[in-house]
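Please construct the entire structure, taking both the sequences and the accompanying hints into account.
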Amino acid sequence: MVLMGGGSDYIYLDHASMMPVDPRVIEFARELLRSPGNPASLHSAGLAGKQAVEDAREKVADLINAKDPRSVIFTGSVTEANNLAIRGVSTRNMNRGKKVAASAIEHISVLNSMKELQKSGFEFSMIPVDSAGLVDVEALKGVVSKDTVVTSIMHGNNEIGTVEPIKDLAKAVHDLGIYIHVDAAASAGRIPIDVQADDIDLLTLSSNDLNGPQGAGALYVKPGIRLQPIILGGGQEKGLRSGTENLFALAGMGEASRIAKEEMSAESDRLKRIRDGLIEEIMSIEGAHLTGHPTERLPHHASFRFGGIEGESIQLNMNNLGIAVSTGSACSSITLEPSHVLLAIGLKHEEAHGSMVMTLGRSNDIGQVPRIADAVKETVTRLRGFSPLGAE
Amino acid sequence: MAEVGYSKKVLEHFTNPRNVGTIENPDGYGKVGNPVCGDLMEIFIKVKDDKIEDIKFRTFGCGSAIATSSMVTELAKGKALDEAIKITRSDVADELDGLPPKKMHCSNLAADALHEAIKDYRRKRGEKADDDPQKSGD
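In order, the protein sequences belong to chains B and F. Numbers 1 to 392, taken from this note's numbering, label the letters of the first sequence in order. Numbers 393 to 530, taken from this note's numbering, label the letters of the second sequence in order.
Just so you know, these hints were derived from the structure itself, not from any lab. What you are looking at is a predicted structure, and each value in this text was computed from that prediction instead of being measured. Do not rely on the hints blindly, as some may be mistaken.
Stated by the list, open to error - Pairs of lysine-lysine residues, derived as DSSO-like cross-links and limited to a Cα-Cα distance of at most 30 Å, are as follows:
no.: 1; chain 1: F; residue 1: 494; chain 2: B; residue 2: 115
no.: 2; chain 1: B; residue 1: 50; chain 2: B; residue 2: 222
no.: 3; chain 1: F; residue 1: 494; chain 2: B; residue 2: 119
What the hints assert, rightly or not - Label pairs and their computed distance ranges (CB to CB):
no.: 4; chain 1: B; residue 1: 9; chain 2: F; residue 2: 483; range: 38 to 44 Å
no.: 5; chain 1: F; residue 1: 494; chain 2: B; residue 2: 138; range: 37 to 43 Å
no.: 6; chain 1: F; residue 1: 487; chain 2: B; residue 2: 35; range: 53 to 59 Å
no.: 7; chain 1: B; residue 1: 374; chain 2: F; residue 2: 490; range: 32 to 38 Å
Quick reminder that beta carbons are idealized off the backbone N, C-alpha and C, glycines included.
Shown next, in the form of structure tokens:
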């Protein structure tokens, strides 16, 4: 088996797909694997487990400035948190109407949750975005109405890096009396998010995106908003997410949130410099185009498309050169469809096929920029060398 | 351990593809696929004494599209046209030690491009270009 890395000079630029867990987080939470106690039990081990979960809840709440830690509901993943948010709030609040809406660049777990609601009579509308991925506020107002229950808008997009003006969008949605759900999986810990100041009703968080363990996510639920649980059982997490707590992952997510909050400002500035270096170098290649917003973008995110070549080939060739990148190309997906995000920003199918996404993390440094840029140039030149299509 | 992703042979052909390029004034030319679908392949052949004397390809597409193009040129080179036209998509996949199931249809068009090139050659010579019996060799 080829282990990630393949060597000490391997450069990992696919943090949006999966992040390494911070060694400090592992150290902090490892004891919970060795001597766990079910938080539902009243013995000492159980009380220690309960304490670990509640401490983690406070740290996660602190990251997003939630007033009451009890508004944070732990889940097993971002996908699950998005399902709970969308299906939970819609089925519990049908008295408000039977319409739901989402931006066209939401995570597939949001879009598929809304499509599922159509089967029980909900009307689902998609809000278009512009060519940089920004939600069009006027289009939003045209799509939603008073009987829309919830509108979902992603804070920072994982595929094109665009950051939405979430406070303005929340106000526009609230002016119509509608709940707003914000998927902050890619943005939390990288750019500030404040559920009170930004006035957010439901907010999804990812543990792994914070350098925490996989297998944990969270949903912030503004006090007073009622949800229907989607997983039933013993009533953990205020009945909203039954199932015995994953102590290691939750404690890890808490500690990762604490570290992320503490280091966000310095780390984001550091990543931005690497990001901007990569964008400058790579955009000098003929037929290279930036995808997403040029300035309103996540600090760790650089995404491109190249004319005349295909994304999976780019990924394989970059891997041969010791660099892990991602692509939204159809050939690399399970469904063989190009990324819906790339189509939503107006790319044609043949343009969407040539995408490459680089997402940075703690292991990256500015010194890697020249080697990465050279590898991209070499890859593009090589693949174009035997492509029948032109560079545009 | 279960095989995941591409075989070593696919990756080897992706990394070092054989017979890359074009042939000026080819005796036969075949083109299949569509950039909208993410795969486009061209095959150029030079024919002598009813044998494929030289063969080149250009491909836009994923790893398996490039590897199958390379493999089909290797299989066809030096073969008599009657033999070369019998090369099927599954022959190409088998020679590469298999392709991931989802790639079998969309990115395994190289044999079709070869057949098109041979038919083009025969058409140009006024021969009857039979409809290829093995087109759905997958």
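For each hint, the structure was consulted:
1. For the hint pairing residue 494 of chain F with residue 115 of chain B, the CA-to-CA distance comes to about 25 Å; that is within 30 Å, so the pair holds.
2. Among the hinted pairs, residue 50 of chain B with residue 222 of chain B is consistent with the structure: their alpha-carbon atoms are about 23 Å apart, no more than 30 Å.
3. Distance hint between residue 494 of chain F and residue 119 of chain B is fulfilled; the C-alpha atoms sit about 29 Å from each other, no more than 30 Å.
4. Checked against the given bound of 38 to 44 Å, the beta carbons of residue 9 of chain B and residue 483 of chain F, roughly 39 Å apart, stay inside it.
5. Taking 37 to 43 Å as the suggested C-beta distance range, the pair residue 494 of chain F and residue 138 of chain B conforms, at roughly 40 Å.
6. In this structure the hint that residue 487 of chain F and residue 35 of chain B lie 53 to 59 Å apart at CB holds, the actual value being about 55 Å.
7. For the pair residue 374 of chain B and residue 490 of chain F, the beta carbons lie near 34 Å from each other, so the given range of 32 to 38 Å is met.
The structure meets every hint from the earlier list without exception.
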